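Place chain R on chain V using the hints.
Sequence lines, in order, name chains V and R.
Heads up: the first sequence is residues -9 to 260, going by the working numbering.
Heads up: the second sequence is residues 27 to 312, going by the working numbering.
These aren't lab readings, by the way, just hints derived from the structure by calculation.
As the structure is a prediction and not an experimental result, all values here were calculated from the model.
No residue lacks a Cβ here, since even glycine has one placed at the ideal position from N, Cα and C.
Honestly, I wouldn't trust all of these hints.
Said to hold, decoys possible - Some chain V residues judged to face chain R by a derived CB distance under 8 Å, without partners named: (1) 93; (2) 102; (3) 155; (4) 186.
As the list claims (entries may be wrong) - The calculated EDC-like cross-link candidates involving lysine to aspartate or glutamate, where the alpha carbons are at most 20 Å apart (straight line), are: (5) 151/R - 216/V; (6) 124/R - 190/R; (7) 213/R - 195/R; (8) 251/V - 134/R; (9) 60/R - 275/R; (10) -6/V - 190/R; (11) 41/R - 138/V; (12) -8/V - 201/R; (13) 135/V - 134/R; (14) 135/V - 190/R; (15) -6/V - 201/R; (16) 41/R - 86/V; (17) 76/V - 138/V; (18) 151/R - 14/V; (19) 207/R - 195/R; (20) 151/R - 17/V; (21) 300/R - 86/V; (22) 85/R - 275/R; (23) 13/V - 134/R.
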Amino acid sequence: MKTKLSSYLAAFFLFLIIYLIFKDILENSFANFSWSFFTESPTHAGRQGGILPILYSTFLILLICLTTVIPLGLGTALYLYYSNSKSTVWLQNSIEILSGVPSIVFGLFGNALFCIYFSLGFSILSGGLTLALMSLPLFVNTVSKGLEATPSNFLKVSQSLGLSKFTTSINVLIPFALPSIVVGIILSVGRSLAETAALIFTSGYVDRMPESLLDSGRALSLHIYDLAMNVPGGNQNAYKSAAVLILLIFSVNALINLILKHWYKSRIPL
Amino acid sequence: MCPLTKDIFYQRALKILGSLVILTVFAIFAFLFKESIYALKTHGTVFFTSATWHPTENKFFILPIVLGSFFIAFGALLLSLPLSLFAALFTCFFCPKKIKWWAQRIIELYAGIPSVIFGFWGLMKLVPWLYEFSAPGQSLLAGILILCLMIFPILTLSLMASFEMSSREVYLCAESLGLSKSTYIWKILIPSVKKQSLAAILLALGRALGETMAVLMVCGNIPSIPKSIFAPVRTLTSNIALEMSYAMDSHRSALFLSGFILLLTVSFIFLASKQSSIILRKKGAL
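The shape of chain V in the complex, shown without the other chains (with noise of 0.2 Å):
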């Protein structure tokens, strides 16, 4: 009886945190809300107006990252599918090891490589391309357990057709993970909508709209980060940001349960 009235507190107050901190962002930011809060530029260092310039880098930001991420996650995954496990043993510890490494150590790595070492400077570039290989431990995981799910003899027709593993791939084993490979795309915009730690030295705090993909821009995570700490008086726009930013990640999984429960339900082993 203890155990099960414990557990029941546990869970009471998992559930009570969750609602608190989404009941305090949103009464806060629908308080005073207007649609021009999308629509303008921030002013006075974000006290005022809206987040137009930083949606616009958030948005190219996962560009560059999915641009990355994709071609050289799916061609990881589809690596580690067709060779034994035994002689990729140094490519998954890379992907475990990578799947570790804690966000600001990301941060100072994409600043000495492609800020420094690339000369990118501080720019949307190398902050997608930093958080291309942060993401990307996850979108492997996630695609390799979609191959491995191809049931084996799909891959024995192909092979008694006399298909080439070229033609296997893109006609039968991508089409049979795109679920998955979808999930792992959706993931990743996830784990890249919420990272701050590895933007703050590679993409940089410049809160214009950005010229060109070498222009330095702010993401929304760290413009919550910059008004909650460095700007006096910016709570309220900061507010408004964790706002949107809640909704943004709440609708990336609401999208990833839906596709789960409807898209090919059975062939994504989550």
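Chain R in isolation, oriented as in the chain V frame:
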């Protein structure tokens, strides 16, 4: 059977992509090491002998910062462990069937909340609340509490996974013997998954050590050994985030060195966690 030439090319292209990943991991270690050599060479002993952290005067006393990191990570882990255990028991055993799916989704959503949001919420609500007990509010305790809330869902999800892997047959057998659920949980389930949970706990510890934004926003960031749990502290991660933007030469190198130490610790923890689960699987414990 002779493989097609096309296949050989394809396999090679895939291999190159895979090697790129390995190369990246090596590059991370190499770059962090390369950048921290300067500090090791010029101030190798300063890290442990100087009395304070005053980067502008080349005084890099790193011990309080390392201690801050460990206090916060272990404190958060100790607090969230019982909470997660019971929350996982709830979703696996006591939860009504109808809301189980929803409970899992909510915990997943919780696990996905960005750390900056936790930090912001902590700064707005938790810190003023703690301030009423003892100034300044931004303190070791605030960091422990926020971090505990952050690793709570992660730990719950991995404990749930290890509970669900435990044998269904044993559960049915226990039920047919007329054991109550709590007897089954404490006498059979927990002893049998104790070792697998170690991997989950290590992963959570790695996450806690590497966490930056939330800790940075609620801890007060004063680099001295905390005298009480209401005193402000600074962690390795927030130290880097705070000072990197204006650091030069040996200061910058010192920050890279602290990042390198963090990287080594966390990768060791992650590999240990993976090894422990592999060894257990070989023994047939899973």
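Pairwise hint evaluation, residue 216/V against residue 151/R, where the allowed Cα distance is 20 Å at most: Cα-Cα ~18 Å, so holds.
Would you mind confirming whether the straight-line C-alpha gap from residue 76/V to residue 138/V stays at or under 20 Å? 16 Å, holds
Measuring from the C-beta of residue 155/V to each C-beta in chain R, is the shortest one below 8 Å? 5 Å, holds
Given pair status - residue 190/R, residue 124/R, alpha carbons within 20 Å: 18 Å, holds
Take a quick look at whether residue 13/V and residue 134/R sit within 20 Å of each other, Cα to Cα. Judged against 20 Å, a Cα distance of about 18 Å means the pair holds.
Take the C-alpha atoms of residue 135/V and residue 190/R, compute the straight-line distance between them, and say whether it is at most 20 Å. 18 Å, holds
Min Cβ distance, residue 93/V to chain R: is it shorter than 8 Å? 6 Å, holds
Given hint residue 201/R paired with residue -8/V - CA-CA distance at most 20 Å: 19 Å, holds
Between residue 60/R and residue 275/R, is the straight-line Cα distance small enough, at 20 Å or below? 13 Å, holds
Within a Cα-Cα threshold of 20 Å, do residue -6/V and residue 201/R meet the stated pairing? 16 Å, holds
Pair hint residue 207/R and residue 195/R, alpha-carbon separation not exceeding 20 Å: 14 Å, holds
CA of residue 151/R to CA of residue 17/V, is that 20 Å or under? 14 Å, holds
Comparing the model with each earlier hint shows no violations; every hint is respected.
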